[in-house]
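Chemist: Start from chain L and add chain F according to the hints.
Number of protein chains: 2
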Amino acid sequence: MPKSMRAGAGEMRILVTGGMGTVGAGLIAELRGRGHHVVSCDLHHQPDEVGFSLRTDVEVPLYARCDVGEFRQIERVIERCGPFDYVYHCAAEFGRWNGEDFYESLWRTNAVGTKNMIRLQIADGFRLIHFSSSEVYGDWPDLMVETVMEEYEIKQLNDYAMTKWVNEMQIRNATAQYGTESVVVRLFNTYGPGEYYSPYRSVNCRFLYCALNELPWSVFRGHSRTSTYLVDTVRTLANIANNFKPGETYNIGGVDVHSIEELSDIVLKVSGASPSLVEHRDSEILTTLVKRVDISKSVRDLDHKNSYGLEEGMRLTANWMRRVYGLV
Amino acid sequence: MPKSMRAGAGEMRILVTGGMGTVGAGLIAELRGRGHHVVSCDLHHQPDEVGFSLRTDVEVPLYARCDVGEFRQIERVIERCGPFDYVYHCAAEFGRWNGEDFYESLWRTNAVGTKNMIRLQIADGFRLIHFSSSEVYGDWPDLMVETVMEEYEIKQLNDYAMTKWVNEMQIRNATAQYGTESVVVRLFNTYGPGEYYSPYRSVNCRFLYCALNELPWSVFRGHSRTSTYLVDTVRTLANIANNFKPGETYNIGGVDVHSIEELSDIVLKVSGASPSLVEHRDSEILTTLVKRVDISKSVRDLDHKNSYGLEEGMRLTANWMRRVYGLV
Numbered sequence: 007m008p009k010s011m012r013a014g015a016g017e018m019r020i021l022v023t024g025g026m027g028t029v030g031a032g033l034i035a036e037l038r039g040r041g042h043h044v045v046s047c048d049l050h051h052q053p054d055e056v057g058f059s060l061r062t063d064v065e066v067p068l069y070a071r072c073d074v075g076e077f078r079q080i081e082r083v084i085e086r087c088g089p090f091d092y093v094y095h096c097a098a099e100f101g102r103w104n105g106e107d108f109y110e111s112l113w114r115t116n117a118v119g120t121k122n123m124i125r126l127q128i129a130d131g132f133r134l135i136h137f138s139s140s141e142v143y144g145d146w147p148d149l150m151v152e153t154v155m156e157e158y159e160i161k162q163l164n165d166y167a168m169t170k171w172v173n174e175m176q177i178r179n180a181t182a183q184y185g186t187e188s189v190v191v192r193l194f195n196t197y198g199p200g201e202y203y204s205p206y207r208s209v210n211c212r213f214l215y216c217a218l219n220e221l222p223w224s225v226f227r228g229h230s231r232t233s234t235y236l237v238d239t240v241r242t243l244a245n246i247a248n249n250f251k252p253g254e255t256y257n258i259g260g261v262d263v264h265s266i267e268e269l270s271d272i273v274l275k276v277s278g279a280s281p282s283l284v285e286h287r288d289s290e291i292l293t294t295l296v297k298r299v300d301i302s303k304s305v306r307d308l309d310h311k312n313s314y315g316l317e318e319g320m321r322l323t324a325n326w327m328r329r330v331y332g333l334v
Numbered sequence: 007m008p009k010s011m012r013a014g015a016g017e018m019r020i021l022v023t024g025g026m027g028t029v030g031a032g033l034i035a036e037l038r039g040r041g042h043h044v045v046s047c048d049l050h051h052q053p054d055e056v057g058f059s060l061r062t063d064v065e066v067p068l069y070a071r072c073d074v075g076e077f078r079q080i081e082r083v084i085e086r087c088g089p090f091d092y093v094y095h096c097a098a099e100f101g102r103w104n105g106e107d108f109y110e111s112l113w114r115t116n117a118v119g120t121k122n123m124i125r126l127q128i129a130d131g132f133r134l135i136h137f138s139s140s141e142v143y144g145d146w147p148d149l150m151v152e153t154v155m156e157e158y159e160i161k162q163l164n165d166y167a168m169t170k171w172v173n174e175m176q177i178r179n180a181t182a183q184y185g186t187e188s189v190v191v192r193l194f195n196t197y198g199p200g201e202y203y204s205p206y207r208s209v210n211c212r213f214l215y216c217a218l219n220e221l222p223w224s225v226f227r228g229h230s231r232t233s234t235y236l237v238d239t240v241r242t243l244a245n246i247a248n249n250f251k252p253g254e255t256y257n258i259g260g261v262d263v264h265s266i267e268e269l270s271d272i273v274l275k276v277s278g279a280s281p282s283l284v285e286h287r288d289s290e291i292l293t294t295l296v297k298r299v300d301i302s303k304s305v306r307d308l309d310h311k312n313s314y315g316l317e318e319g320m321r322l323t324a325n326w327m328r329r330v331y332g333l334v
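If you read the protein sequences in the order shown, they are chains L and F. Numbering follows the numbering used here, in which position 300 of the first sequence is assigned residue number 306; successive positions increment by one, without gaps. Numbering follows the numbering used here, in which position 100 of the second sequence is assigned residue number 106; successive positions increment by one, without gaps.
Careful: at least some of the hints might be erroneous.
Pairs count within a copy or across copies, as identical chains cannot be separated in the list.
[To be verified] Within a straight-line C-alpha distance of at most 30 Å, the following computed DSS-like cross-link-like pairs (lysine-lysine) qualify:
#: 1; residue 1: LYS303; residue 2: LYS161
#: 2; residue 1: LYS311; residue 2: LYS251
#: 3; residue 1: LYS161; residue 2: LYS251
#: 4; residue 1: LYS161; residue 2: LYS275
#: 5; residue 1: LYS275; residue 2: LYS303
#: 6; residue 1: LYS251; residue 2: LYS275
Everything labelled a hint here was simulated from the structure, so no lab data went into it.
Here chain L stands alone, though its shape is the one from the complex (with noise of 0.2 Å):
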């Protein structure tokens, strides 16, 4: 019996990998809201986590401290907290300037992270769900189907870009090598409560910060992109479970195209800053200028819907911000 056959229909056992990420976060607040048996792992201690050399002081831990580019300790996390019949690997270094300026670390985590991930899985079967990236669609001009992919040579333009196409292509080759059982998501621009600033966030989390925090941000002309509140993504992702496809790729993002100006109108409109925080430039270099995404496959198969506005979604991620950094 293969081991993603271990629970039932109903408790599932899932490992989330990058747990105490934006995303990672949300998808475990969810899947256990489901019911599920979900552990997590990511980088830093938690009050809930494994003592694996030493006694675990909280009844059930369900939070393990791993780097995930290191295959003993990830290794571990599987034979002390698992089987699992699924793991989520959000675990990543994110972004397209943070995988510049942290090279060395982009690399371990995102290349070698996910071949451990893949190693675990050829030896214990688990179902592997991989969150890739739109980078990896590069500077494609239309429309971004799942399978543009496939037909059109595409050139990732940065760094973290490719670190996600490899790992699409280690899924792949490891699947047609050892019959692994694995779906990629590819999220576009996702946004929300959970998101804690860095200069390296979306850039909705940054408008809405520097608004929030009356510091200037800039705005690149001639950009677009979608965007997709956190909880919208996070069902989505959570549904893969219930209809899991091996083989499939999956876009998860928005349906309607803003431009980044509206963008930045938008967060003006919730946080009250003034218009003189705004300086507007020329495009960014080798950065994609418009990013529409099919997402009917995600609609079909997974359910996925956007049923957030971008000024509803952004007003409520003010106001969690507003909370969270201690802004009247």
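Modeler: Only chain F this time, still in chain L's reference frame:
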């Protein structure tokens, strides 16, 4: 004045990373034979190396111990031994199975190491000759022309191939963003004296070593390759510094396609080994069946020549191997 113009038309200052590798060592001999000032770096200690924090005993140190995956170490080589007009970046984890078995080292040395070189190139202005591989062509079934990678969606079949393709994109993006001047060479199966045996080396080296040591070897049916004798490869590589065309990519390979069975037969002939050592097996998974290469561009720009036939080259290699391994 760009640093690449510092030297006159005659002697040039050149760094070869991975200088103790098969291609690196051969290239250094060729470049020094042409009168250039060539510094080598690699992972191990050597008699003619720089003492960084202690006295350098030799008069002119032409070697520095350095792991290109560690930024501080390669930066120090350039500070101490440079500036350089050209850097031949040969340092890499080599080979598809080596990459699968040592993928942590692979990604660190190849992806991070090359990124380190590019960052130093941006700062220092040297011209980079980067060593890529025929593996980037994946399972492309037709003639491998350099432009194939611009026109068709090709997926690399193993992590080693991915690192080489990643490097090409890293270099391309750096040129777009920072105006770096680089040339990429895609080496096809190269063999000859100087290639020390391990099970991860070229098929030519493996078969010959096994034959000379009366060890069995496996021949996969249905695979074909070209082979280039190392002397021919390094002559062509050295010519790049005399006709450097930034942004170009060159295939460097052989003209005569031979099956792996034919190669094995030649090994039997030049070694005198027993045919009973040969085991025939079916086609290998995730390995390109036929590699036919278009070398017209390297012939045109770099005067690439294949002046050794396979049997002659293998006979010379066998003689060398008998000598270095003390085989009668």
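Chemist: Of the numbered hints stated previously, which ones are contradicted by the structure, given in increasing order?
Modeler: 4, 5 and 6
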